[in-house]
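4 protein chains.
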Amino acid sequence: MCRWLAYSGSPVRLEELLYKPANSLVMQSKHARMGVETTNGDGFGVGWYGSEPYPGLFHSTEPAWHDRNLRELSAQASAGRVFAHIRASTGSAVQQTNCHPFRHGRWLWMHNGLLKDFPAVKRDLAIAVEPSLFPQIEGATDSELFFFLALTFGLEKDPPSAVAAAVGLIEDVGRRHGIEHPIQMTVATTDGDTTWAFRYSSEGRSRSLFHSTDVSTLRTQYPDNPMLHALADDARLVVSEPLGDLVGAWREVPESTCVVVHGGGEDLLPFSPAAA
Amino acid sequence: MCRWLAYSGSPVRLEELLYKPANSLVMQSKHARMGVETTNGDGFGVGWYGSEPYPGLFHSTEPAWHDRNLRELSAQASAGRVFAHIRASTGSAVQQTNCHPFRHGRWLWMHNGLLKDFPAVKRDLAIAVEPSLFPQIEGATDSELFFFLALTFGLEKDPPSAVAAAVGLIEDVGRRHGIEHPIQMTVATTDGDTTWAFRYSSEGRSRSLFHSTDVSTLRTQYPDNPMLHALADDARLVVSEPLGDLVGAWREVPESTCVVVHGGGEDLLPFSPAAA
Amino acid sequence: MCRWLAYSGSPVRLEELLYKPANSLVMQSKHARMGVETTNGDGFGVGWYGSEPYPGLFHSTEPAWHDRNLRELSAQASAGRVFAHIRASTGSAVQQTNCHPFRHGRWLWMHNGLLKDFPAVKRDLAIAVEPSLFPQIEGATDSELFFFLALTFGLEKDPPSAVAAAVGLIEDVGRRHGIEHPIQMTVATTDGDTTWAFRYSSEGRSRSLFHSTDVSTLRTQYPDNPMLHALADDARLVVSEPLGDLVGAWREVPESTCVVVHGGGEDLLPFSPAAA
Amino acid sequence: MCRWLAYSGSPVRLEELLYKPANSLVMQSKHARMGVETTNGDGFGVGWYGSEPYPGLFHSTEPAWHDRNLRELSAQASAGRVFAHIRASTGSAVQQTNCHPFRHGRWLWMHNGLLKDFPAVKRDLAIAVEPSLFPQIEGATDSELFFFLALTFGLEKDPPSAVAAAVGLIEDVGRRHGIEHPIQMTVATTDGDTTWAFRYSSEGRSRSLFHSTDVSTLRTQYPDNPMLHALADDARLVVSEPLGDLVGAWREVPESTCVVVHGGGEDLLPFSPAAA
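Going down the list, the sequences are from chains A, B, C and D.
If you use the numbering used here, the first sequence closes out at 281, no skipped numbers anywhere.
If you use the numbering used here, the second sequence closes out at 281, no skipped numbers anywhere.
If you use the numbering used here, the third sequence closes out at 281, no skipped numbers anywhere.
If you use the numbering used here, the fourth sequence closes out at 281, no skipped numbers anywhere.
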């Protein structure tokens, strides 16, 4: 469906994250290795926390592989928190308002996966969104509506609980509509400081998700790797698929897990939906 | 806000309608004379009934004045029913799913005007849409939601009553949210056979609307006018503003009126919202 | 690089050619089977001869697989001559003026392949273009410049000779710049009546090219195939790769060959570059 | 035709330059006051020198007034040298490669005006471009070709002389083709340090051009003006038209003049074309 990347650490030029790795996200836009689709050419988005209090967003409907503005921005902008997402539409229109990451205040959100049989559940889920938030929904994707449900359930206060409640509702509504496996997801969200990433699916066979291992250790192992020298010791990546073939650089995130990345370290917590 | 044109009559090349007149719709995209904005450069759309049972749609986010594909299509396609619309966004995103005309089955719909303070009323109105229609809403405009309300109230069976009921609901919901003048509209809708056009606003000062007078009479008056020779006797236009300065060619549609164009003639009926 | 399709025959809806076949051109935009690239997502173009004397052109920078306007146009437009092309850029910008087919008067031209080391030869070739044609070059591709060279050498009078002269010049200029194999090409051109398609490369290993066999024979063989019933007896296709797996439906065009399609039949002529 | 802005000074957020002023460049994209056209909606571009050695470029074919990515970038990026340009096409295609500013190495270039009867002179001028530079021309505008002529004549070494030589050639070629007034121009170019701006036309009635006066003096005059507080003492602007109505803030650049902005000060030099 899609592929994404979440970076936390010392400020780094976007180019180092999006273009330089052997299996970079831009490369994955044409030749993803582990995705349901090899082509993720239905637009993309980047959210980055630079020197301003609010993150910037760049959304484009072009395939990432040939977008010149993405290349320019990536060569100029540095940031300590970066979310990037390439899209393979599951049916909704290719338009900027359907591009991830989505933003609300200081928060970003991006999703790989889908809400199964979305047309059947869309209205029930939309009605569950906090009324004051409802008119802020700009696009037509399941992913954005999922974000607004998480916001409704308190994402800005307690992300794991809010996501658990949103997933619980989605599964409940889905099953009431006869959908066996209502949700498939890897999700990342951040307030620009901590990042939370989730891997879960109703059927227990979720889309792939990996987190990077300690950069300083890797640098000792691979003293000649230029990519590792561009990254600081506190650099942490959570990605849909590894950005390269370096043995030991990536660990798969287990099923039904929430990865919390904060201050150069990460914790893995069990994740399960909350009863609606 | 926007400008539109609805043509009924014998098949004519789109070019004759969209480019050839002195104050053509494409010309109005840059220099509208009677609009709230002189520039209507936030995308456009054309719907046409050619030889197929369903109308075709061409939606673009580019300004009409420089869109080469519109010029090409207009030179090639002929149709007996044509809806065309140029957009000046009142805030929602410039994307194809926000371009008019909107389509449902054989029906087209386009709107100039706005639902006042749309974010305040959007949720209440969205919930009023027939649940089976709700997931078919693709964009984020007030105009498309208005279309789905009209469909909910039976547009396909009795357009004037359905529009009256939709407007009644919009005014009722608006007033409950403290909005003095909830709606401003000129609207056109068609099933590919009959066309209904409405001019109405809560405040009684509606956007401009005109309908063409009899072509054969005009042709006698202006034997040298090439535009009139490209049009058949049964040609009827309803437009946001006259396409030229020909004296006698255009009549203003009165406030609170529904124009019904059918079989080369038109009827003007009084229009008022129905109580919700 | 790219994939293309050239249709000649009784008028057919574009949809039958572009969407319906199992391995349709739109399908090939994401999953080409025989191309150098599996993804041909850097824009596309369609040229069609409808009821007007000049062909229409629809050029888009979006991937064909998600372009809604292409789907709409294809459902509405019928034509007896159709050129369609999906692009995988070899470096030049993704913009409408770089989309094939290119047009000059009644003529269309499209190309799969490349002029090797184009920057090295571009200026010499540009200077060779007839001065009155030079300012009509709108884009930046090798393919469009190749078209203008063919026009310079008399394409409108004798297409095989003009293409042979253009290729001869390209090889001559290329070799003077030390390029071993200056050209790789399958090309199609038409005046809206006859179609000429060429398969050639300096190295003698050209991109794939196929032409369809007789539809009436196929229809006897496959009485249940719906695709064959949508096509008339005079339907002829020349394509970069077969549109389906029907045994006997496609024949490979040999190396160094020009296929001339006219009046429901085709001739295969040997093709070789002319000395510059 | 177009409108542009060149900023030199301490780093400032792009937003302060492009959105905040009363008659900002983004405002001028819809409602220019002094341009030949009030609408400059045929794309735009921004070049900025941030913390990297080479300038970044953002080119878009959308009207500046509704481009969300421009707003995002402007809120995030700060730079000490900024070139911004909004386009009103005089005929060439609306595509990113036709958007100003154009870039070569560290150099940027932008132009308002036109080369009269460009198709007539294009080939002669293109052949005059240094052969090694020729294949780097990406678009189809007179403005980009003018840039490449200036580069050919030594822009990187002595900008006023190079521009004088390029204009001399353009006038010479134009007059040989019977064009009375071959060029109309305001041009700005920079190496990221010094900025050179030119106002000239063959007919002696050039497009408008203004430069800002000393900010510290203005700040004393207008202690309550927030715009002036966002700008440092060394801020210098050269613009197609004043960004506001502050009396004393803007001085018209005289006809046939080159403004050199360097180190917080500017010099005005007479400019005249060099004999070809």
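Worth double-checking, as some hints may not be accurate.
Some but not every residue of chain A turned toward chain D, in silico, with C-beta under 10 Å [said to hold, decoys possible]:
id, residue
1, S65
2, A82
3, R256
Because the hints were derived from the structure by calculation, they are not lab data.
Where a beta carbon is used, it is the ideal one built from N, C-alpha and C, also for glycine.
Open item on the list: Using the nearest Cβ pair, does A/A82 come within less than 10 Å of chain D?
Closed with: 7 Å, holds
Open item on the list: Does the closest beta carbon of chain D sit nearer than 10 Å to the beta carbon of A/R256?
Closed with: 32 Å, violated
Open item on the list: For the restraint on A/S65, tell me whether the closest CB of chain D is nearer than 10 Å.
Closed with: At about 7 Å, which falls below the 10 Å cut-off, the nearest Cβ of chain D leaves the hint on A/S65 intact, so it holds.
In this structure, the one hint that does not hold is number 3.
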